[in-house]
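Residue numbers (UniProt numbering), protein chains in the order written: chain A, 1 to 241; chain B, 1 to 212.
These are computed hints drawn from the structure, not numbers from a lab. One or more of the hints may lead you astray.
Quick list of simulated restraints, FRET-style, between CB atoms [stated by the list, open to error]: (1) A:Ala57 to B:Phe59: 26 to 36 Å; (2) A:Trp126 to B:Leu43: 46 to 56 Å; (3) A:Arg128 to B:Met46: 50 to 60 Å; (4) B:Met46 to A:Ile183: 22 to 32 Å; (5) A:Val23 to B:Thr84: 47 to 57 Å; (6) B:Ala79 to A:Val202: 53 to 63 Å; (7) A:Arg210 to B:Arg118: 36 to 46 Å.
Among the chain B residues that face chain A by a calculated CB cut under 7 Å, a handful are [to be verified]: (8) Phe71; (9) Pro78; (10) Lys153; (11) Tyr184; (12) Leu192.
Computed footprint of chain B on chain A; a stretch qualifies when at least three of its residues, placed anywhere within it, have a C-beta under 8 Å from a C-beta of chain B [what the hints assert, rightly or not]: (13) 56–68; (14) 73–87; (15) 158–164; (16) 172–179; (17) 186–198.
Every residue, glycine too, gets a C-beta built ideally from N, C-alpha and C.
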Amino acid sequence: MDFFLNRFPVYLDGALITLLITVLGSALAFVLAMAVGILGTLRNPVARAAATVYTEAFRGVAALVLLFWFAYAIPQITPYELSPMFVGVLALGLNVGAYGAEVVRAAINAVPAAQTEATIALNMSWLRRMRSVLLPQAWAQMLPTFGNLVIELMKASAIVSLINVADLTDVAGRMRASSSETILSYGSALVMYFVIAQLLIVGMRTLERRANRRLGRAPARGSLLDLLRPPTPGTKVGTAE
Amino acid sequence: MNWDTEFAISIIPRLLEGLAVTVQATVIGYAVALVLGLVVAILRRMDYIGPVVFVVFEFIRTTPVLVQLLFVFALAPPAVTPLTIGITVLGVHYAAYTAEVYRSGIEGVAKGQWEACRALSLPPLRVWGAVVMPQAIRKVIPPLGNYLISMFKDTPYLFAITVGEMMFVAKAIGTEAFRSMEAYTLAGLFFLAVSVPSAVIIRRLERRYAAV
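If we strip away everything but chain B, and leave its shape as in the complex, we get:
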């Protein structure tokens, strides 16, 4: 059995629809991860709550996202769509990573900055909003960007919980037409088409912010 170009072209629109779902899940899930990660990073600095949050997110971080997806999917009421479950689980899973990134950024702020805030007796909200976060965020932009790409590459897992993203479409095509080669190869190429340019953009950002 050889490569069938005509067939390959005929399935492109369906795969692109799947890619749109993949991208959508990535973007929303990433937004969840960015916000929740920051909350987790701040909670982790607190007494009592901190260690609990740490252990919970350590557990989430060191166990497979695929199993987490299957787990939540099996428990969720039927009214919740698989896409919602997928986006939530991916977002929470990646929050465990982004929290670490924020933490390193916050800890990287020079000690003198904190001392200066204290000397000026700034209120905590201004300490965080005007001094610590602006410095921390700038440093963490490159690693956060890398997690956007890894998240994009983890969205195929959503196929396991019947979300119609690109892998799901590719598998469906393979089953209907008894031709997997074209579907999976194109899926791979589409992945490259999104992730390689994103990697280039992020590297450029990295260079720009590293210089600051």
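Chain A with its partners taken away, still in its complex shape:
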């Protein structure tokens, strides 16, 4: 315990960098996912092809490869040297954004066709249809998967330590080098990652509940604990007993 208490401020600095990259990366991923996802629902074949190319390319390449490509390959052919933080946000945002785009596309397409037909019957413009009918319904469906993606991005952010960003993983590595307490130094970092993940889960669940309430669906009721991870392992749909 002393080990962790003494080094807590250093770990906290690392955790803040990890959180910062998570927030910025998620913001980039969200914007990309929305833009590309909506592009993928258009009837225009060029728009759809562009969306497919983006998703397949950035889903297909590992985030680590993207990261190294931006960090080490780009400076060799262009005069630009990107800051490691920026590279991290860019690589993670582009990668996770590609997964998000598929989620957005699927969620919009899953809104019942009658809803779209109604907007056409009411002579709504495309923008109006998206903004007031399709997106609010798709939104509630996207959120659970978005929650998982944010956690994925947070976990993947550990790779920025490989390009010398002082994130939580980097701090853990340095603590291990200076104290040779392997279990304590990495264990502390893992626990902090776990705590960050639980905080993100609670945040996303709150958003989900709000989205469902706004659509007039029964809100999942309950306390903070219920927000952590439903369905709990106790939910057995059918058992042999």
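Put chain B on the given structure of chain A with help from the hints.
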């Protein structure tokens, strides 16, 4: 500094060797994840053991696999090869995901099926082997396939524990020749060359099983 095609061609064989290690680690690690995930999914349904297994795997699932790799690598005795460590950690990490998939598949089996088993007083082994699992497995094939691809894309992390997979080779080439562009770009293209066709195959499987 520009793209050097001759150099790029000269490094292809080495990168392909790295790719072979990447694929090998993915395939063995995935086998571990498939088997262990099923065990975890079944253990989670038990009293007392269930909640403990749940918390342990929840922890594994929500913390970065890179840190887990570094952690185990630092603790493991020198006799264990880095590749073995990498495959084990990746397999256990992904078991946390596949367990969730199996769970949703098992819970998705209609309640009437369980009741019918009870009415026929089938022994538990037959309930699982002949009724529940055949129905559950079919539903979970597409999501399990997706995890195969994500696992493939997580194997570059093994480079951090000195496994000679593709990223490790690419980095080594970059350091030796002072040329990173070709190595990393080719590594990226090789990744696409494996993962895009796999995604297409899995999507086709998904369509086929969704129709059933």
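Here is what the structure says about each hint:
For the pair alanine 57 of chain A and phenylalanine 59 of chain B, the supplied restraint of 26 to 36 Å holds, since their beta-carbon distance comes to about 33 Å. For the pair tryptophan 126 of chain A and leucine 43 of chain B, the supplied restraint of 46 to 56 Å holds, since their beta-carbon distance comes to about 51 Å. Look at arginine 128 of chain A against methionine 46 of chain B: about 53 Å separates their beta carbons, and that is inside 50 to 60 Å. In this structure the supplied range 22 to 32 Å holds for methionine 46 of chain B paired with isoleucine 183 of chain A, their Cβ-Cβ distance being about 29 Å.
Checked against the hint of 47 to 57 Å, the C-beta distance between valine 23 of chain A and threonine 84 of chain B comes to roughly 37 Å, which is inconsistent with it. In this structure, alanine 79 of chain B and valine 202 of chain A break the distance hint of 53 to 63 Å, their C-beta atoms being roughly 43 Å apart. One distance hint, 36 to 46 Å for the beta-carbon pair arginine 210 of chain A and arginine 118 of chain B, holds here, with the actual separation near 41 Å. Taking 7 Å as the C-beta cut-off, the interface hint given for phenylalanine 71 of chain B holds, the closest approach to chain A being about 4 Å.
Hint status for proline 78 of chain B: violated, given a least beta-carbon distance of 14 Å to chain A, over 7 Å. Residue-level restraint check for lysine 153 of chain B holds (minimum Cβ-Cβ distance to chain A is 4 Å; threshold 7 Å). Taken as an interface hint, tyrosine 184 of chain B checks out: its beta carbon lies about 4 Å from the nearest beta carbon of chain A, inside 7 Å. Using the Cβ-Cβ criterion of 7 Å, the hint placing leucine 192 of chain B at the interface with chain A is satisfied: the shortest such distance is roughly 4 Å.
Counting residues of the region 56–68 of chain A whose CB lies closer than 8 Å to any CB of chain B gives 11, which reaches the minimum of 3, so the coverage claim holds. With a cut-off of 8 Å between beta carbons, the region 73–87 of chain A has 3 residues touching chain B; three or more are needed, and the interface restraint holds. For the region 158–164 of chain A, the proposed coverage by chain B is satisfied: 4 residues have a C-beta within less than 8 Å of a C-beta in that chain, meeting the threshold of three. Using a Cβ-Cβ cut-off of 8 Å, 3 residues of the region 172–179 of chain A lie near chain B, which meets the minimum of three, so the contact claim holds.
Interface restraint, the region 186–198 of chain A with chain B: holds (8 residues with C-beta to C-beta distance below 8 Å; minimum three).
The earlier numbered hints that this structure contradicts are 5, 6, 9.
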